[in-house]
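Got chain A; can you put chain B on it based on the hints?
Below are the chains, spelled out letter by letter.
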Amino acid sequence: DAGITQSPRYKITETGRQVTLMCHQTWSHSYMFWYRQDLGHGLRLIYYSAAADITDKGEVPDGYVVSRSKTENFPLTLESATRSQTSVYFCASSLTSGLYNEQFFGPGTRLTVL
Amino acid sequence: AQSVSQHNHHVILSEAASLELGCNYSYGGTVNLFWYVQYPGQHLQLLLKYFSGDPLVKGIKGFEAEFIKSKFSFNLRKPSVQWSDTAEYFCAVNARYGGATNKLIFGTGTLLAVQP
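Here the protein sequences line up with chains A and B, keeping their order.
The opening position of the first sequence corresponds to residue 1 in the numbering used here, with each subsequent residue numbered one higher.
The opening position of the second sequence corresponds to residue 1001 in the numbering used here, with each subsequent residue numbered one higher.
Looking at chain A on its own, in the form it has when it is part of the complex (with noise of 0.2 Å):
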């Protein structure tokens, strides 16, 4: 059972190139998540799936892009990469987005901006 997978695990890159971050998860979730981790900021929201071309807006989105052509897949990009944009990004899913929605992590990916 694979669960939630991401890739590359590590990816340094440098400012204004376009990075896409990979997410793939084989329990047919339908929402998937994606957040970053920040010292002092704990996790905070891009961007969400409800479904198969089904997105919207977190709590910080911009310089992001996401897509969901398929349920398993949630691909980020970043479309033109800023040192601000230096993070630990961790992808998530989960059956429901009711009240009771548990989200399951994936690894995380370490992303670093010169």
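Watch out, some of these pointers could steer you wrong.
To give a feel for the contact side, a few chain B residues facing chain A, derived at Cβ under 8 Å [stated by the list, open to error]:
1) His1043
2) Leu1044
3) Leu1048
4) Lys1049
5) Phe1090
6) Asn1094
7) Lys1103
8) Leu1104
9) Phe1106
10) Gly1107
11) Thr1108
12) Gly1109
Just so you know, the hints here were simulated from the structure itself, not pulled from any lab data.
Treat the numbers as computed from the prediction; the structure is a model and nothing was measured.
Here a beta-carbon is modelled for each residue, glycine too, at the ideal position from N, C-alpha and C.
Using the frame of chain A, we list chain B on its own:
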């Protein structure tokens, strides 16, 4: 806006000491509450959760948390910590967002270091 506060940012304990990590939230409606743990270099894992019923919730690895509605608190406790409990702990509240989707709002985390 909904928010979650974790007052202890960094806690250092010796093995066998008791642990209590504070978590307060601001949201007047129905909430579900979670504690997640992140061991060094690993992803977040669910430690315990409260949905309804008994306000004292028991989780994995001997952790428990008490929901006190009147205080908007959900503090995490463990009677005797071990070196392997060294990790970062996140409190989270499930609150409605965007009208249709509930999302988790996380606290800023508490880094626990247990000295052998």
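Each hint, compared with the structure:
1. His1043: holds (5 Å)
2. Leu1044: Result: holds, 4 Å to nearest chain A Cβ.
3. Leu1048: violated (11 Å)
4. Lys1049: Nearest chain A Cβ about 7 Å off; hint holds.
5. Phe1090: Holds, because the Cβ-Cβ distance from Phe1090 of chain B to chain A comes to roughly 6 Å (cut-off 8 Å).
6. Asn1094: For Asn1094 of chain B, the interface hint holds, since the closest Cβ of chain A sits about 6 Å away, which is under 8 Å.
7. Lys1103: holds (6 Å)
8. Leu1104: At 6 Å from the nearest chain A Cβ, Leu1104 of chain B passes the 8 Å test, so the hint holds.
9. Phe1106: At about 4 Å, which falls below the 8 Å cut-off, the nearest Cβ of chain A leaves the hint on Phe1106 of chain B intact, so it holds.
10. Gly1107: With a closest approach of 6 Å, the Gly1107 of chain B hint holds.
11. Thr1108: holds (4 Å)
12. Gly1109: Interface hint status for Gly1109 of chain B: holds (5 Å vs cutoff 8 Å).
Against the hints set out earlier in the document, a violation occurs for number 3 only.
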